[in-house]
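Novice: Given these sequences and hints, build the entire structure.
There are 2 protein chains.
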Amino acid sequence: METKKIFLPESEMPRQWYNIMADMPRPMEPPLHPGTCEPAGPDDLSPIFPMNLIEQEVSTERWIDIPDEVLEKYLIWRPTPLYRASNLEKYLQTPARIYYKNEGVSPAGSHKPNTAIAQAYYNKVAGTKRITTETGAGQWGSALSMCCSFFGLECKVFMVKISYNQKPYRRLMMETWGATCTPSPSTETQAGRSILEKNPDSPGSLGMAISEAVEAAVGDDQTKYSLGSVLNHVMLHQTINGLETQKQMDIAGDYPDVIIGCAGGGSNFAGHCLPYVRDKIHGKDIDIIGVEPSSCPTMTRGPFAYDFGDTVQMTPLMPMHTLGHDFVPAPIHAGGLRYHGMAPILSQLLLDKLIRAENVDQLETFQAGVTFARTEGFISAPECNHAVAMAIREALKAKEEGREKVILFNWSGHGLVDMAAYEAYLTGKLSDQPLPEDEIERALSAIAPLPKPKQYTG
Amino acid sequence: METKKIFLPESEMPRQWYNIMADMPRPMEPPLHPGTCEPAGPDDLSPIFPMNLIEQEVSTERWIDIPDEVLEKYLIWRPTPLYRASNLEKYLQTPARIYYKNEGVSPAGSHKPNTAIAQAYYNKVAGTKRITTETGAGQWGSALSMCCSFFGLECKVFMVKISYNQKPYRRLMMETWGATCTPSPSTETQAGRSILEKNPDSPGSLGMAISEAVEAAVGDDQTKYSLGSVLNHVMLHQTINGLETQKQMDIAGDYPDVIIGCAGGGSNFAGHCLPYVRDKIHGKDIDIIGVEPSSCPTMTRGPFAYDFGDTVQMTPLMPMHTLGHDFVPAPIHAGGLRYHGMAPILSQLLLDKLIRAENVDQLETFQAGVTFARTEGFISAPECNHAVAMAIREALKAKEEGREKVILFNWSGHGLVDMAAYEAYLTGKLSDQPLPEDEIERALSAIAPLPKPKQYTG
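In order, the protein sequences belong to chains A and B. Under numbering that gives the first Met the number 0, read the first sequence as residues 0 to 457, first letter to last. Under numbering that gives the first Met the number 0, read the second sequence as residues 0 to 457, first letter to last.
Possibly wrong hints are sitting among the right ones.
The list treats identical chains as interchangeable, and a pair is accepted whether it falls inside one copy or across any two copies.
Within a straight-line C-alpha distance of at most 27 Å, the following computed BS3-like cross-link-like pairs (lysine-lysine) qualify [unchecked claim]:
no., residue 1, residue 2
1, K128, K160
2, K246, K4
3, K3, K246
4, K123, K4
5, K89, K123
6, K89, K128
7, K123, K3
8, K123, K283
Read the hints as simulated data drawn from the structure, not as lab findings. All values reported here derive from a predicted model rather than from experimental measurement.
Specialist: Here it is, written out as structure tokens:
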């Protein structure tokens, strides 16, 4: 019988994370202080992050040891299985060999605990008692809630209001793990109140929720803030995925021609592809594709520029592809991809043509998700369906070309808590969400007054 | 680092199911025809089941080969990992070593696909085009929907109305896999109409839904009925679990003193424990415990007697522990355990004292589930929490006794689609559901007029 899953023994789980900053062809632009527009130093970040994570944020060491306490918790679900999508291949009648890394086996159902465990641990060591964060669809908030419960930390989550209402089950997961969850914008913070004053019916956005979570952390030494994507140390922690995948692809005796991941803030895609980007820097020919929703086309439409990470301009200015910090994407079901910016690491790699970006309409992603469910069995999160859709596109292209291409994608999480989205799709109530051109022009124009990074090519 | 998960390589997955009927100390009593009360032969079952499954139902061969097509689909999630509950052990400060078999990694999130795959396959081979079934909480219905989609069969599910309303996500999983799902009692069948006539607000029960699904299958050669528990061939298919577990416990170098599973119709418990029951028959000292809700105490309160599997008396009479075929349990959240009967195989083993039974109140099960989630990470299905609660009881007993006991339990599935139940618990809205004594007396008295099996000890 053909091998379906490639497992890595626990003893083979990587003991170090990979830091792409050691290998990038051009150095990263620094974040800037939001007040002075001067490069932000560790001290500027210390009110919201513990120093051990700030050190990782700026480190250029290639390999960073994973603490034993983190490795021990990783073993709850890691190493995750690499799958051969043999049933999907047969259905598509493609000569391509399709592999997917199944990050949905974590208790939270996604890749998010890879960094949540690390961040909870480093905060614990640094003396933090309470962590605040934001969440979109709830995958990040639920992951951090679980990991805080493992290390005895309090956890407070601001959840984008539209998702809070659409996805009660993820809120309930957070509460089961002992966290408190508040719909954002809320009246609990100045940021929330000022947003509600302008628009009492605001559906919320990740940018707004970040503002609230940051504000709730500042000014209390024992409370820190945690971000589930975008930042360098988050990408670092997620590389456990790609490092495992490389070992598993070796076991399978294959090497990917194409690597695919969906990208909101960028963490699952980065974690999956960065070890392979290193191979590409060293001469390997790989097509590495980040997939975003056409209604939030950060990489495919947004310029590379300095912009705020949040809506009310509290965070440092980040050098990244951005649609403007107050862009509010259409309420698509892939809540985790509704973010105006993109991780600076991925933005830089995009600029340097080491990765590329594509966008996909909502209906195509759900069509792909249903095909995947009826062949491979697993029901994907709406975010993840963006990767599935692109893998199917590539597999059909390989069929047209008659090529035995090797396609690898990151299956970032299951959609069992997102079934309302499938209901909308199956009953014909779902539509694509065309980008409102006037809104995007307005949002993009708000970026202009800020300083431009040196490598800005726009 | 201590091993957390014991994986079995795909190459080590068992190639045969284990049939306990070859080893039982006393032979099973036969099912009886509901009209004549004479032993029911294969021909009596052929209107609803294909002959290849009927052959398995009556087989006394010890080992039955698993077809290659079934093995291939099993590989989507099997072999499943065996976990050491090290974090729970630490939290309980118990000297016991606790292991759990994680059946929640299947795409449907439970153990149910173990038999659904087999039944879909055997029906496909026998020329069936369409399968009808019933489901309680939806775990069985969703599993069968997925497996029918793999083999290109139509699937029609009657879902207990109260669960249909409480658990829309499981219905949506069924629809995503291409099945149709109807709340039961429905107006689509005579059985449903007659129940609704007496009680238009009936919340439904598994017994009623079985009546509807059987009726919908009879009279059409290309439509067959499928049952997710109770029957001998279902227990047979589920033994893949226990057979894997035995290999994994060998790898761990441990042997269980106690084995625990929750029991509704009995399939996850049987699948997990039957290979160990064989060891016990051969002299091993193991305490094997089936755990049921105190509000549906089939094994702990029901006599061993002949009774119908369904409410409107369409199925053969089965020799089993039963609360009476028209007993309607309180609407506890563990919908999959709300069944009046128990698998004849388990009923016979209980009679022969090879297994024993305990029952647990609803609140204790959810308390156990939250403890488990905050230590081991995984959120259990309400059914599964019955096993978790009993494992915790046993671990605390070991602590009192200062014994290094080895406790093994079956973690039959996750609860990510059952979060409304956790909400009720966390907000203090959940209560125990004391057994209405007058109702159970009434239901039990309805069993009396039927013939008694020879081994009936009541």
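Novice: Could you work out which of the previously given hints the structure breaks and list their numbers from low to high?
Specialist: Violated hint: only 8; rest satisfied.
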